[in-house]
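S.K.: Given chain A's structure and the hints, the job is docking chain B onto it.
Residues per chain are reported as follows:
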Amino acid sequence: MTIEFLVASAIGVLTAAGVYLILRLRTFPVILGTSFLSYAVNTYLFATGRLVVGAPPILQGHEAHVTYTDPVPQALVLTAIVIGFGMTAVVLMLALAAYLSGGHDKIDLQEDASEDRA
Amino acid sequence: MSLFLIAALPFIGALLPGLMIQAGRNTCSTWTGIISLSALIGLLVHAPAVLRGEVITASVEWMPALGLNASFYLDGLGLLFGTLILGIGCLIILYARFYLSSKDPMGNFYTYLLLFQGAMVGIVLSDNILMLLVFWELTSLSSFLLIGYWKHLPEGRQGARMALTVTGMGGLGLIGGMLLLGHIAGTYELTELLEKRDLIQADPLYVPALLLILLGAFTKSAQFPFHFWLPRAMAAPTPVSAYLHSATMVKAGLFLMARLYPVMSGTTEWFWIVTLAGLITMVLGALIGIFQNDLKGLLAYSTVSHLGLITMLLGFSTEAAAIGAVFHIINHASFKASLFMTAGIVDHEAHTRDITRLGGLRHLMPITFVITAVASLSMAGIPPFNGFLSKEMMLEAAAHAQLGDNAWLIPALATLGALFSVAYSFRLLLHTWFGAERHDYPHHPHDPPFGMWLSPALLAVLVVLIGLFSQGLVGGIVQTTAASVLGNHAHPHVHLALWHGVTPALYMSGVAVLGGLVLLALYRPAHGLWHAVPRPDAKVIFDAIIDAATKLANWITDTLHDGKLTRYAAIFFLFTVLASWHAFSGGAGVTLPREPMQADIIPIIAWFALIAATGVTVYYHRHRLLALVVLGIIGVVVSLSFNYLSAPDLALTQLSVEVVTIVLLLLALNFLPEFTPKDSGNGRHVRDILIAVFVGGAVAALSYVIMLTDFAMPSIAEYHLAQSHDLAGGNNVVNVILVDFRGFDTFGEITVLGIAALIIYGVTEGLLGSKVRQKLLERKPNHPIAGDEHPMMMVVATRLLLPIALMVGVYIYLRGHNDPGGGFVAGLIVAIALLMQYMASGYDWADKRQRFPYHASIACGVMAAGITGIGAFFNNMPFLTSDFGYFQFPPLQKFELATAMGFDLGVFLAVVGAVMLTLESLSRLAYRRGDVPDEYPMDINPSRQPKNEDH
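First to last, the protein sequences are chains A and B.
Per our numbering, the first sequence starts with residue 4, numbered consecutively.
Per our numbering, the second sequence starts with residue 3, numbered consecutively.
Pulled out of the complex, with its shape left as it was, chain A reads as follows (with noise of 0.2 Å):
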């Protein structure tokens, strides 16, 4: 087993995971799946940037034979975990605010009308 095939792996199941789950009919379960597709492409983003072990982006003086791991993949996915973050809470409010107010938490539109008063 390498660290790519494990890390390649991963990324695909979190990406099933979360295309699954945002496919089902209620919010909730989307609201995880979207969760499930923010690690999926985090994972991803970071990975273009190559793995490597044990050589973090903290530059250690004037060693010219230090070697470092990619930073600007890391600096973009840290504002994105972030930005996650206030995405997912935006989400999960509108779907909060519709089932409170709609009294269903349905994602499709009802092709009945009078059962979203109900």
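Check each hint, because a few of them may be wrong.
Under 10 Å between C-beta atoms, here's a sample of chain B residues computed to sit facing chain A [said to hold, decoys possible]:
1. Ile606
2. Thr619
3. Leu671
4. Leu710
5. Leu729
6. Gly732
7. Asn737
8. Ser772
No lab work stands behind these hints: they were computed from the structure.
Heads up, the beta-carbon is just placed ideally off N, CA and C, and yes, glycines get one too.
M.R.: Quick look at chain B alone, frame taken from chain A:
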């Protein structure tokens, strides 16, 4: 006056009427007039130079890479049209002052009118064709406002909509045509483009460009088969009809054809399309015009007919015809605007425009009668008025025109058009003004006040003067204009005169006048015949087309968007996978040059934990609380992986975000159903699983390949690693990127985060202000709440932890520049520490001790970051450039201070504020009726009984 100012003046002036109307209607119209008049004077100052053959230009580069420049130029054609637009504009403004009743909002009217005027001036002065397009659309919009000015009239609204639809459609076509033209010529500047006749006409795209441009011109100038909107635009107030729908806007199409004449004309396509459209429009419009009973309707169809005449002349593509077209533009504008205004006067005085209810007005309104007589005789083409001259030129040109091998069709039809024209002109004159005076007018008419007849009278004087002294008065401008229309450095020979000797045109003219009078004498039988013959009604056809288009659009929308969001998502995922597959199968074979790393036991265990947790979450997702708890495991594993794979900053952030996210979801779950019901059948499940597996597999494969492939391009990582210490004074490169190299991104990001929190706050406020509040107050919790809401152990622990956690937060913040940490992580840690107080001691207790509102924290954060960025300006550096230095104050060690710290402080504050505002908002929903706020949750009061849920 600069061309910029001339074009801008009406737009700037459009602000005035709205303000000046407060000072009275006279002030309002005076100022509007002053604006128009100044622009006109500004334009006429250039007239001597332009008449000498010079071209005035003014240009500012805006987006040269896109060919988009603000450039104006003034040649003969521009001068002629500009003078018509501004000159007649002044007269119309005067006329409208008396025409509008005291109930009409005059400020609005003059504002729309000036907007329209500015747009028209913009069209005729534009050098850049992209800018011309913008002005073109503006005329459609402002004319929509003007036609629909009387909002209470359904005809006004319908007419405005129809005009906007037709001219807007043409405008879309024109955009396409102009872009093609610019593409062919390689320039969007008219002055350059007009030199490239051979290049443009040889291009295979010439015909599509021509068709699209003509679509724009024909719709604007109401050419057959788009003529039907113009008569329906007559629902507008008469000043608008006189201005837009006779003298100026409808001539924009003609202007465009004249403007592009040097490069577009002369080809077979141009000749056939333009000539035929013009010929049909001329004859048809004149024929329909005869049988209109509405004065303005008659004039509208007459306008259509005359526009057709000019179009036809442009179609002929000969020098003589072009001169005739230019001359007729002047003449038509003068007599038609005058006639419209007198029609408005009749309407104003007699309260009707119906010819059958009028007649015998000449003694009642002698002044108006004289004006109408002069203008309508000119329209009929009777000497010595100016309409006669240009009609002769038209007939002369038509006499020499051949339609293919046919030499008689065009002259015959042109004569017929002129004949009809004589008929409706005399009908207007005789049936309205002559005959016996009647006693059943809706209102007894008499001549209007001086101000109202002044404008048409001035135009009528022009009609006579141009007729008598044509060469001296307008010979110069016709010469210059014809030269710019013909282009290619032509020197047209202009000779305007009443008497050209006995020419074919004179015979044709004679036939037309006699024939027209005979036709009018036979008006009753002709009228009966006209109404006996079935005709298609343009409005019915138009409505049917609009209806069909609406139905089609609805059908497409309803089919594509049936409200099933999950279906959109499924289609999106499938499409993405298929598109990626298409891209993948078209690429080269995959090689994996990088050496993979062998995993030891711990990553494998973590991997199993992640897979198992994912499986459990998905399998038990209907049990929401369980799913949520297990989701936490995944977050922890992801965080550990980041740490293992050399990303300590990510690990810290992921871990702390995980905490707040789970708390957030738990809070929300409080209000949501505990279980997800089973909605979808097995078929759907299988479908969704298949889609999920496809997408997951594709992403996994893609990630695997990326991780084992070398960078396609040199990574920018090297730059950041090399410069982080020297340029930004920081050793933690990730943090330096966030607060320095890519500070602008971070600045935007914390702003977005703050906005997200404010949205949540706003939604909460909305919920609490609605009927939902009642439901929330009466809500039964999913589970009975524990007897001891604030367990002392937890209260004590969190209180003790608070200062420690805050200190850790400060530490993490301070070390961030050189070691893992920074504003984001510190903000999250402090937020969690505060959050624990809410959880342990209750919302009321914590809220009472919270003296600094979280909104303010967000605002301070964003401002701190912004001000730090602006600070760079004082150092003559771009926004967000950072500075740093090393300081030593005994007995402290040497330490570093960087401006980036201020920025990071902003990040810290914004994150704390956003997270806390979000969670606080959600907590506020939880309050239920009967809840007693706990003032001192930690105090031990033996007399206090554990609260009973059922009281």
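S.K.: Determine for every hint whether it applies to the structure shown.
M.R.: Status of each hint after checking the structure:
1. Ile606: holds, 6 Å
2. Thr619: Hint on B:Thr619: holds, closest Cβ of chain A at ~7 Å, below 10 Å.
3. Leu671: Status holds, d = 7 Å.
4. Leu710: holds, 6 Å
5. Leu729: At 12 Å from the nearest chain A Cβ, B:Leu729 fails the 10 Å test, so the hint is violated.
6. Gly732: holds, 8 Å
7. Asn737: holds, 8 Å
8. Ser772: Where the cut-off is 10 Å and the nearest Cβ of chain A is about 7 Å from B:Ser772, the hint holds.
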